[in-house]
Amino acid sequence: MSGNQIVFIVLAAIACIGAAGVVVFGDNPVRSALFLVLNFFVLGFLYFTLGAQLLGISQILVYAGAIMVLFLFVIMMLQQQSAFLRSTESDGRGPIAWLLGATMFMTVGAAVLAPLGGVTGSPILDTFGTPQSIGKVLFTGYAWPFLISSVLLLVGIVGSILLAKRKF
Amino acid sequence: MSYQPIPTIDWWAIAPVSIVMVTGIVALLIEMFRPNRNNNTIVAVSLVGLFLAGLSVVPQFSMPFGSSFGGMVVRDYLGLVLQLLLITVCFVAFLFSEPYLREKRIAFAEFYQLALWASAGGMIMVTTENLLMFFLGLEVLGIALYCLTGMCRQELRSEESAMKYFLLGAFGTAFVLMGIAYLYGPTGSLRIDAVSIAVASDQPHFVLMALFGFGLLLVGLCFKSALVPFHQWTPDVYQGAPTNVTAFMASTSKIAAIGALIRVLAAGAPLVSYWFPIMFWVAILSMVVGNFAALVQKDVKRTLGYSSVANGGYMLVAVLAHVQAPEKVSLASTLFFITGYGVMTMGAFAVVSLAARDGKEGTRFQDLHGLWHRAPFAAGCLILFVASLIGVPPTVGFFGKMFIFNDALAAGLLPLALVLAVTSVVSAYYYLGIIQAVFVQEEGAVKNESGRPQAGLNLAVLLCALAIFGISLGAENVLKFMAPAEDGRQPVAERTVAQR
Chain R
1 MSGNQIVFIV
11 LAAIACIGAA
21 GVVVFGDNPV
31 RSALFLVLNF
41 FVLGFLYFTL
51 GAQLLGISQI
61 LVYAGAIMVL
71 FLFVIMMLQQ
81 QSAFLRSTES
91 DGRGPIAWLL
101 GATMFMTVGA
111 AVLAPLGGVT
121 GSPILDTFGT
131 PQSIGKVLFT
141 GYAWPFLISS
151 VLLLVGIVGS
161 ILLAKRKF
Chain H
1001 MSYQPIPTID
1011 WWAIAPVSIV
1021 MVTGIVALLI
1031 EMFRPNRNNN
1041 TIVAVSLVGL
1051 FLAGLSVVPQ
1061 FSMPFGSSFG
1071 GMVVRDYLGL
1081 VLQLLLITVC
1091 FVAFLFSEPY
1101 LREKRIAFAE
1111 FYQLALWASA
1121 GGMIMVTTEN
1131 LLMFFLGLEV
1141 LGIALYCLTG
1151 MCRQELRSEE
1161 SAMKYFLLGA
1171 FGTAFVLMGI
1181 AYLYGPTGSL
1191 RIDAVSIAVA
1201 SDQPHFVLMA
1211 LFGFGLLLVG
1221 LCFKSALVPF
1231 HQWTPDVYQG
1241 APTNVTAFMA
1251 STSKIAAIGA
1261 LIRVLAAGAP
1271 LVSYWFPIMF
1281 WVAILSMVVG
1291 NFAALVQKDV
1301 KRTLGYSSVA
1311 NGGYMLVAVL
1321 AHVQAPEKVS
1331 LASTLFFITG
1341 YGVMTMGAFA
1351 VVSLAARDGK
1361 EGTRFQDLHG
1371 LWHRAPFAAG
1381 CLILFVASLI
1391 GVPPTVGFFG
1401 KMFIFNDALA
1411 AGLLPLALVL
1421 AVTSVVSAYY
1431 YLGIIQAVFV
1441 QEEGAVKNES
1451 GRPQAGLNLA
1461 VLLCALAIFG
1471 ISLGAENVLK
1481 FMAPAEDGRQ
1491 PVAERTVAQR
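Protein sequences, first through last, are from chains R and H. Just so you know, we're using my numbering here: the first sequence kicks off at 1 and counts up by one. Just so you know, we're using my numbering here: the second sequence kicks off at 1001 and counts up by one.
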């Protein structure tokens, strides 16, 4: 077993534990959210091992950092009234959910795994996914959309300020 | 490492959008340094910025047409005319917004910045052949409009409409994104002509994916342009939003969405046999449902909302006629009708906004009773706008519908032409109901005399009225201007397949 495989298996195992932790262990939403942070964090490392460095950095900064903090905020604000979320009655939807979930898993698995059989190396360039190569694309060919998306963020900020203005 | 060449930048092509965006940022800075209640400086700066943006569009009509940034920005008649129209609509909206916002006690400066950016988003949508740019424009426009819709927080209805608009708009955006993904999958291209690449590849499953993606894209666009059966949000949102926002939204989002729809449908030509029957029925349903549902409304803004659904149907007829027979039917009548629609909708909503008094606003028909006495000039112009919306002969609405009717006949779409004519007659009933509310009925028990003269509103209304007269008097010339002989024949359709 090569070093790459060991690294992958360790990271993948942690990611799987994190994913399972979101839904399996207990019903504390804060704990679920923290498991999701773990999952996102390790996924970021997996991106690094694939050579997609910028994606990994953004995954950790944006998802594990910013978005999950927002999640935690919302959960903590809503937790006082979250009792109705936990309905323990079984109403026959469980088996259907299992069936649909298994079907989904098998479909996606078959679609993803089949083409991967016999693949030994990646055909992409070494520079794929490095901050330099993405930066070069962003600031040349995609400079205009890049600027527009900055205005999109500005719209979001100003819009939320407008909606948060006090009532008269 | 492979270096991407820095693209040669066509500064003129991006000038209008850039100027409008920068104007928004300048307006934001003014608000930052002078955080008081008086928005007059911001309005003035915004109007100047919009004027400059308009000026930067005009010389481009005589420049060579084509695309820069690899198709992300294109210059053609469709884009230039619609850009000019979007700038004009924003300009008119700003003229009458400030008094209305003050009357409603929601004079937030953020309205101007968001409206400017929304206009810029619309302008991006109509001047691109790149699905990524199209999506960005759609989102800039959409998110700004969601927030503006909910800006009147003391009214529950405004918040409700913002929520509805946001949820359904996000739903529509999801369709657009899925569609783009399915077009990108088989072709690896974000260009709008991905469909023809997929069809040219001659691989059945690529064609199938492109067909699916194109269908999703159309669903999303129909959401955005409020075509039946994706129109349910329209009356609620039009009713709940502050009236100046409704005016702005009705014009801007319709113009931008139809402009994008024209390009997407033209690019979908290789699959025309699949989507044409569907869009055919969408057009018929929009005209029928829009006009008939408007008959039973008790609220002016809801009525105008359904009327906008119907008008979307008329525009779709024009687009379909162009796509069906691009060699015979140019886009001129579509552009002509959209221009007329923008002007008369702005005018009508501007007059309706007079119903706001002292932080309250009623928009049922009886709330307009006696408007004739309070604001004779605006009410007089309302006759003109409504006549134009009905399609009474010497107005721009009449010419627009006539051109579309002729186009539909020329393209062999007789059923669409007939439905257009019949539903237009039906629409006269509810439009006349608005006139009746303003003129015939006397004001009820609650006399309210606070209707002070509003120079900005009168100016806006006057501009719209003059535009209606001007465009209809010079209808032939305007039509020629919008589709000059050498370029007007299939301006969009012919190019989309050629460039890769």
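Hints listed in this document are in silico derivations from the structure and should not be mistaken for laboratory results. Glycine included, C-beta positions come from ideal geometry on N, C-alpha and C. One or more hints might be untrue.
To be verified - Capping the alpha-carbon separation at 25 Å, the derived lysine to any residue pairs in SDA-like fashion look like this: (1) R/165 with H/1410; (2) R/165 with H/1167; (3) R/136 with H/1229; (4) R/136 with H/1167; (5) R/136 with H/1184; (6) H/1164 with H/1067.
To be verified - Reference listing, derived: stretches of chain H covered by chain R, where coverage requires no fewer than 3 residues with Cβ under 8 Å from a Cβ of chain R: (7) 1249 to 1263; (8) 1272 to 1280.
As the list claims (entries may be wrong) - Listed next, with one range per pair, are the computed distances between beta-carbon atoms: (9) R/108 with H/1299: 27 to 33 Å; (10) R/123 with H/1063: 39 to 45 Å; (11) H/1035 with R/58: 32 to 38 Å; (12) R/101 with H/1205: 37 to 43 Å; (13) R/75 with H/1185: 32 to 38 Å; (14) R/108 with H/1328: 44 to 50 Å; (15) R/97 with H/1038: 42 to 48 Å; (16) H/1156 with R/61: 50 to 56 Å; (17) H/1298 with R/17: 55 to 61 Å; (18) H/1047 with R/61: 25 to 31 Å; (19) R/101 with H/1185: 45 to 51 Å; (20) H/1063 with R/97: 36 to 42 Å.
| said: Please check whether residue 1063 of chain H and residue 97 of chain R have a Cβ separation lying inside 36 to 42 Å. | reply: With a Cβ separation near 59 Å, residue 1063 of chain H and residue 97 of chain R fall outside 36 to 42 Å, so the hint is violated.
| request: Given the hint that residue 136 of chain R pairs with residue 1167 of chain H, test it: the Cα-Cα distance must not exceed 25 Å. | output: violated (36 Å)
| Coverage assertion for the region 1272 to 1280 of chain H with respect to chain R, Cβ distance below 8 Å, three residues required | violated (count 0)
| Falls inside 50 to 56 Å, the C-beta gap from residue 1156 of chain H to residue 61 of chain R? | Taking Cβ atoms as reference, residue 1156 of chain H and residue 61 of chain R lie about 39 Å apart, which means the hint is violated.
| message | Against the 25 Å threshold, does the CA-CA distance of residue 165 of chain R and residue 1167 of chain H hold or violate the hint? | response | Measuring from Cα to Cα gives roughly 21 Å; hence the hint holds.
| said: Just to be sure I understand the hint, the distance between the Cβ atoms of residue 1047 of chain H and residue 61 of chain R should be within 25 to 31 Å; is that true here? | reply: At roughly 41 Å between Cβ atoms, residue 61 of chain R and residue 1047 of chain H fall outside 25 to 31 Å, so the hint is violated.
| query | Within 37 to 43 Å or not, the Cβ separation of residue 101 of chain R and residue 1205 of chain H? | reply | Between residue 101 of chain R and residue 1205 of chain H, where Cβ atoms are some 27 Å apart, the hint is violated.
| Is the hinted pair residue 165 of chain R and residue 1410 of chain H satisfied, with a Cα-Cα distance of at most 25 Å? | violated (54 Å)
| task | State, for the Cβ atoms of residue 101 of chain R and residue 1185 of chain H, whether the hinted interval 45 to 51 Å holds or is violated. | result | violated (25 Å)
| said: Range first: 42 to 48 Å. Now tell me if the beta carbons of residue 97 of chain R and residue 1038 of chain H are that far apart. | reply: Violated: the Cβ-Cβ distance is about 58 Å, outside 42 to 48 Å.
| query | So the hint says 32 to 38 Å: do the beta-carbon atoms of residue 75 of chain R and residue 1185 of chain H match that? | reply | holds (35 Å)
| message | Quick check on a hinted range of 55 to 61 Å for residue 1298 of chain H and residue 17 of chain R, using CB atoms only. | response | Hint holds: Cβ distance 59 Å, inside 55 to 61 Å.
Going down the numbered hints, you'll see the structure goes against 1, 3, 4, 6, 7, 8, 9, 12, 15, 16, 18, 19 and 20, while the others check out.
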